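**Student:** In this note's numbering, the protein residues as written are 1 to 130.
Keep in mind that the hints are not guaranteed to be accurate.
Between beta-carbon pairs, the in silico distance windows are [as the list claims (entries may be wrong)]: (1) 118 / 20: 18 to 26 Å; (2) 51 / 2: 31 to 39 Å; (3) 128 / 33: 19 to 27 Å; (4) 75 / 44: 42 to 50 Å; (5) 19 / 76: 22 to 30 Å; (6) 130 / 38: 20 to 28 Å; (7) 69 / 19: 31 to 39 Å; (8) 5 / 119: 17 to 25 Å; (9) 105 / 27: 20 to 28 Å; (10) 3 / 41: 39 to 47 Å; (11) 47 / 119: 27 to 35 Å; (12) 104 / 16: 19 to 27 Å; (13) 58 / 27: 14 to 22 Å.
Hints are computed from structural coordinates only; laboratory data are not their basis.
All figures in this text were calculated on a predicted structure; none of them were measured in a lab.
Just so you know, even glycine gets a beta-carbon here, dropped at the ideal spot from N, CA and C.
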Amino acid sequence: MSLELKLLVASMVLGFVHILLVSHAMNFQYGYRWGASSRDQRMPPLEGVGGRLERASRNFLETFPFFAAAVLVAHVTGRESWLTWWGANLYFWGRVAYLPLYASGVFLVRSLMWNVSTIGIFLILAALVF
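Work the whole structure out from these sequences, hints included.
**Tutor:** Pasting the structure below:
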């Protein structure tokens, strides 16, 4: 399996980490009875770290499909190269760094990591076009 595909799988695991962290933040803020319920009752938005975890998760879910599609197209078309290698690494490690930075409320560096991961996607796309 290529490194790009391995990082795609690792990114899927990272997506589940996001989901688990948000789930625990919700249970912590709203209570475990609410978490075990049908969740029909409207709740206020998550606050503090929980809110930041939820926004980071939503952001991950916005970018992951583009990354996954780009990696899969590069693999299927045989266009994997140094550009896709760097792109997959930048995306994955940028997203790994983004999560704790966003959760802890670090200013500016979090946005830098978002840009790093986005550049990763664009590198993979560049490998497909050029």
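**Student:** Each of the hints needs a verdict: does it hold here or not?
**Tutor:** Hint-by-hint comparison with the structure:
1. Distance hint check: the CB atoms of residue 118 and residue 20 are about 24 Å apart, consistent with the given range 18 to 26 Å.
2. Remark: the range hint 31 to 39 Å for residue 51 to residue 2 is upheld by a beta-carbon distance near 37 Å.
3. The beta-carbon spacing between residue 128 and residue 33, approximately 49 Å, falls outside the hinted interval of 19 to 27 Å.
4. At roughly 43 Å, the beta-carbon separation of residue 75 and residue 44 lies within the given 42 to 50 Å, and the hint holds.
5. Hint check: residue 19 to residue 76, Cβ distance near 27 Å, so the stated range 22 to 30 Å holds.
6. Distance hint check: the CB atoms of residue 130 and residue 38 are about 51 Å apart, inconsistent with the given range 20 to 28 Å.
7. A hinted range of 31 to 39 Å for the beta carbons of residue 69 and residue 19 is inconsistent with their spacing of about 20 Å.
8. A hinted range of 17 to 25 Å for the beta carbons of residue 5 and residue 119 is consistent with their spacing of about 20 Å.
9. Between residue 105 and residue 27 the beta carbon distance is about 21 Å. The supplied range of 20 to 28 Å therefore holds.
10. A beta carbon spacing of about 45 Å between residue 3 and residue 41 agrees with the range 39 to 47 Å that was offered as a hint.
11. Residue 47 and residue 119 have their C-beta atoms about 32 Å apart, which keeps the hinted 27 to 35 Å range intact.
12. Checked against the given bound of 19 to 27 Å, the beta carbons of residue 104 and residue 16, roughly 21 Å apart, stay inside it.
13. Checked against the hint of 14 to 22 Å, the C-beta distance between residue 58 and residue 27 comes to roughly 18 Å, which is consistent with it.
Violated hints for the displayed structure, listed by number in ascending order: 3, 6 and 7.
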